[in-house]
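J.: Those protein sequences? They're chains A and B, same order as listed. When you line the first sequence up against numbering that gives the first Met the number 0, it's residues 0 to 270, in that order. When you line the second sequence up against numbering that gives the first Met the number 0, it's residues 0 to 316, in that order.
Hints listed in this document are in silico derivations from the structure and should not be mistaken for laboratory results. Ideal Cβ positions, reconstructed from N, Cα and C, are used throughout, including at glycine. Among the clues, some could well be false.
Computed far set for chain A versus chain B, every beta-carbon distance over 12 Å [said to hold, decoys possible]:
| hint | residue |
| --- | --- |
| 1 | Pro23 |
| 2 | Asp49 |
| 3 | Ala79 |
| 4 | His100 |
| 5 | Glu244 |
Straight-line distance between alpha carbons at most 20 Å, and here's what the computed SDA-like set of lysine to any residue pairs gives [claimed, not checked]:
| hint | chain 1 | residue 1 | chain 2 | residue 2 |
| --- | --- | --- | --- | --- |
| 6 | A | Lys92 | B | Ala130 |
| 7 | A | Lys13 | B | Lys232 |
| 8 | B | Lys102 | A | Glu204 |
| 9 | B | Lys47 | A | Leu266 |
| 10 | B | Lys232 | B | Gly170 |
| 11 | B | Lys47 | A | Lys92 |
| 12 | A | Lys13 | B | Lys47 |
| 13 | A | Lys92 | B | Gly259 |
| 14 | A | Lys92 | B | Lys232 |
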Amino acid sequence: MVNDLAERARTLRKHVVHLAADSPGAHVGGSMSVVEILTTLYFDGVLRVDPADPARPGRDRLIFSKGHSSAAYYAALAEAGFFPVSELDTYKKTGSRLAGHPHTGVPGVELATGSLGHGLPVGVGLAMAAQAQGLPSRVFVIVGDGECQEGSVWEAAMAAAHYQLDNLVVIVDRNGIQEDGPTEEIMALEPFADKWRAFGWATVEVDGHDVGELSNVLHEVPLTWSRPTAIIAKTVKGKGLSFSENTNAWHYGHLSADLKQQALQELGGAS
Amino acid sequence: MSLDTWVSEHGTSSRTTCRVAQLDLARSDDRVYSLENDLALPSVPFGKEFPDRYRQIGIAEANLLGVASGLAQSGRIPYVNTFAVFASMRACEQMRVDLSYPKANVKVVGYYTGLSGGFAGPTHHCTEDIAVTTALPGFTVLSPADAYEAYLATQAAASVEGPVYLRASRGDTPMVYSSEYPFEIGKAVTLCEGSDVTIIATGCLVVPRAVEVASRLASRGISCRVLNMHTLKPLDVPAIVAAARETGLIVTYEDHNLLGGLGSAVAAVVLENEPVPVLRFGVPDVFCTRSDEYEEILDLYGLGVHDVYEAVMRRLR
Ligand SMILES: Cc1ncc(C[n+]2csc(CCOP(=O)(O)OP(=O)(O)O)c2C)c(N)n1
Numbered sequence: 000m001v002n003d004l005a006e007r008a009r010t011l012r013k014h015v016v017h018l019a020a021d022s023p024g025a026h027v028g029g030s031m032s033v034v035e036i037l038t039t040l041y042f043d044g045v046l047r048v049d050p051a052d053p054a055r056p057g058r059d060r061l062i063f064s065k066g067h068s069s070a071a072y073y074a075a076l077a078e079a080g081f082f083p084v085s086e087l088d089t090y091k092k093t094g095s096r097l098a099g100h101p102h103t104g105v106p107g108v109e110l111a112t113g114s115l116g117h118g119l120p121v122g123v124g125l126a127m128a129a130q131a132q133g134l135p136s137r138v139f140v141i142v143g144d145g146e147c148q149e150g151s152v153w154e155a156a157m158a159a160a161h162y163q164l165d166n167l168v169v170i171v172d173r174n175g176i177q178e179d180g181p182t183e184e185i186m187a188l189e190p191f192a193d194k195w196r197a198f199g200w201a202t203v204e205v206d207g208h209d210v211g212e213l214s215n216v217l218h219e220v221p222l223t224w225s226r227p228t229a230i231i232a233k234t235v236k237g238k239g240l241s242f243s244e245n246t247n248a249w250h251y252g253h254l255s256a257d258l259k260q261q262a263l264q265e266l267g268g269a270s
Numbered sequence: 000m001s002l003d004t005w006v007s008e009h010g011t012s013s014r015t016t017c018r019v020a021q022l023d024l025a026r027s028d029d030r031v032y033s034l035e036n037d038l039a040l041p042s043v044p045f046g047k048e049f050p051d052r053y054r055q056i057g058i059a060e061a062n063l064l065g066v067a068s069g070l071a072q073s074g075r076i077p078y079v080n081t082f083a084v085f086a087s088m089r090a091c092e093q094m095r096v097d098l099s100y101p102k103a104n105v106k107v108v109g110y111y112t113g114l115s116g117g118f119a120g121p122t123h124h125c126t127e128d129i130a131v132t133t134a135l136p137g138f139t140v141l142s143p144a145d146a147y148e149a150y151l152a153t154q155a156a157a158s159v160e161g162p163v164y165l166r167a168s169r170g171d172t173p174m175v176y177s178s179e180y181p182f183e184i185g186k187a188v189t190l191c192e193g194s195d196v197t198i199i200a201t202g203c204l205v206v207p208r209a210v211e212v213a214s215r216l217a218s219r220g221i222s223c224r225v226l227n228m229h230t231l232k233p234l235d236v237p238a239i240v241a242a243a244r245e246t247g248l249i250v251t252y253e254d255h256n257l258l259g260g261l262g263s264a265v266a267a268v269v270l271e272n273e274p275v276p277v278l279r280f281g282v283p284d285v286f287c288t289r290s291d292e293y294e295e296i297l298d299l300y301g302l303g304v305h306d307v308y309e310a311v312m313r314r315l316r
């Protein structure tokens with residue numbers, strides 16, 4: 000199973016490479032770092048969603064709040080069957096619905112994101128409604144670590160604990176780097192996990208590229224009854240490509256034909 | 000003097016030239032600060048030259064505008080660099096209560112204005128900022144037409160005592176000006192003289208299109224005046240009234256929602272002072288979820304050179 004997931008992750012990374020090469024450009028860094036998180040949610044049976052019926056009542060919700068990393072998100076949605084994989088080729092092309100930032104015109108997208116700091120508050124509302132209606136649905140919100148500089152994230156964090164939303168899970172892609180540089184230089188977040196704990200969340204730190212570890216914790220939520228869950232996934236920005244790892248230089252960029260070749264080779268052969 | 004050297008040094012993107020203007024200002028005025036929103040431009044070394052007057056606030060726009068207000072209320076002149084959509088709407092109430100109300104001397108530069116975000120999608124388009132910012136008492140609102148005018152407008156903002164909002168485009172846009180000229184806040188620039196019709200335009204990409212419409216009309220014997228309305232507040236009322244009186248037909252042209260933008264403002268001035276027909280070209284009241292280049296999105300919404308040309312021809316025929 001873990002091997003299957005690792006293979007899935009590799010497929011998503013290759014898609015990201017294609018999208019960043021065959022379009023004006025993509026947010027490579029944050030797409031590569033979030034791959035295993037998306038893989039585990041969509042392909043390890045965590046998310047109870049139905050690609051054939053994306054609006055099915057009572058489904059789990061995934062809010063992809065770090066919408067700039069759309070390349071990875073679209074790749075996951077396509078591989079999960081929400082739309083044809085071939086449509087990925089239209090990414091950012093004239094007339095395509097696959098715009099640089101996701102919107103609800105794309106099957107499987109629950110919220111238009113791209114303006115950071117919107118996902119968690121909306122997630123609180125969705126979780127609140129599910130709780131009030133006694134629905135089994137859970138709400139997963141993926142946020143960037145830089146995104147957690149937004150006050151709205153912490154306003155939502157406070158509300159989620161206040162309303163004991165144990166059906167709400169935030170997964171932070173803690174890659175340590177935002178657009179202009181390392182988070183700790185731009186606007187320090189540490190002690191980060193302690194902040195979530197102090198806000199009343201059941202908080203764990205995991206290796207965000209270890210699908211086994213992610214799988215264990217995601218299948219276990221809520222970690223504590225009557226508390227929301229925060230999963231701090233330690234990741235590497237630009238993971239998987241020698242030139243994009245651990246730098247903000249590839250936060251956004253276009254891959255030349257040469258770099259595309261190199262990238263696909265590093266990911267294990269062309270496809 | 001020709002702008003060739005200037006352009007080869009600074010390029011044609013307002014994202015760069017607005018920051019270059021801040022750096023140049025900071026060299027002669029130690030009250031000038033530059034604040035960033037995790038969207039800085041390493042090629043303009045403000046932070047290296049003036050580390051004490053450069054502040055990275057991170058991804059936190061409400062805080063960004065509040066901090067700027069505090070600096071201004073301590074005698075500093077902070078320039079805030081963020082995207083138009085985040086300044087005008089994410090931090091709208093900070094703009095209102097912390098900038099507008101206390102008349103804080105803050106200069107807000109909003110990039111990615113209008114539809115210049117192109118394929119970035121609806122969260123990054125900003126077709127509401129004119130409506131929002133012109134409704135804030137005491138705000139001066141600037142909307143330069145190319146990267147050079149963006150530089151001049153950024154500098155001129157420092158001479159205003161009070162809050163200024165400057166709409167800046169995203170990437171490289173065509174140059175409107177080929178030589179130096181004196182920029183004056185509140186004074187529209189007549190780019191083409193004309194007597195049959197006046198196009199009043201604002202913003203990068205749109206103003207050059209207006210000039211193109213005028214030259215196409217000229218080839219059909221129609222004399223079209225073009226006004227670059229680089230200041231949306233205070234509006235150049237005398238220039239609008241004169242255009243209405245002298246040309247008898249007004250066309251407005253902008254990449255902003257038709258509601259509350261340049262067209263609304265000009266129509267009100269014309270109606271009150273010199274009623275003549277007004278044709279408004281702007282973005283319809285919808286979100287653009289299609290992925291496209293900036294130019295193509297403008298065309299999609301009927302904001303192409305041909306659309307405006309045709310409409311004027313129909314009117315005057
Ligand atoms: C409200 C808002 N402010 C600024 C931006 C511009 N922006 C896009 S991505 C980004 C950096 C995001 O950093 P992080 O959340 O750490 O994401 P990751 O490193 O995973 O890409 C910024 C500042 C935005 N999209 N939304």
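J.: Please check whether the beta-carbon of glutamate 244 (chain A) is more than 12 Å away from every beta-carbon in chain B.
T.: Label holds. Min Cβ-Cβ 20 Å, cutoff 12 Å.
J.: According to the definition I'm using, a residue is off the interface if its beta carbon is farther than 12 Å from all beta carbons of the partner; does proline 23 (chain A) meet that for chain B?
T.: The assertion about proline 23 (chain A) is violated, with a minimum of 7 Å to chain B.
J.: Take a quick look at whether lysine 232 (chain B) and glycine 170 (chain B) sit within 20 Å of each other, Cα to Cα.
T.: The hint is violated at about 25 Å.
J.: If I take the minimum Cβ distance from alanine 79 (chain A) to any residue of chain B, is it greater than 12 Å?
T.: holds, 21 Å
J.: Hey, lysine 47 (chain B) versus leucine 266 (chain A), does the alpha-carbon distance stay inside 20 Å?
T.: violated, 38 Å
J.: Test the statement that aspartate 49 (chain A) is away from the interface with chain B: the closest C-beta pair must be farther apart than 12 Å.
T.: holds, 24 Å
J.: Is the Cα-Cα distance between lysine 92 (chain A) and glycine 259 (chain B) 20 Å or less?
T.: Given pair lysine 92 (chain A), glycine 259 (chain B) is violated - Cα atoms ~31 Å apart, limit 20 Å.
J.: So if I understand the rule, the pair passes when the alpha-carbon distance is 20 Å or less; does lysine 13 (chain A) with lysine 47 (chain B) pass?
T.: violated, 38 Å
J.: Once the closest CB in chain B is found, is it more than 12 Å from histidine 100 (chain A)?
T.: violated, 4 Å
J.: Lysine 102 (chain B) and glutamate 204 (chain A): Cα distance at most 20 Å?
T.: Since the Cα atoms of lysine 102 (chain B) and glutamate 204 (chain A) sit roughly 46 Å apart, the hinted pair is violated (cutoff 20 Å).
J.: Would you mind confirming whether the straight-line C-alpha gap from lysine 47 (chain B) to lysine 92 (chain A) stays at or under 20 Å?
T.: With Cα atoms ~38 Å apart, lysine 47 (chain B) and lysine 92 (chain A) exceed 20 Å; violated.
J.: What's the verdict on lysine 92 (chain A) and alanine 130 (chain B), does the C-alpha distance respect the 20 Å limit or exceed it?
T.: Not OK: lysine 92 (chain A) and alanine 130 (chain B) at ~30 Å, beyond 20 Å, violated.
In summary, the structure is inconsistent with hints 1, 4, 6, 7, 8, 9, 10, 11, 12, 13, 14 from the numbered list given earlier, while agreeing with the others.
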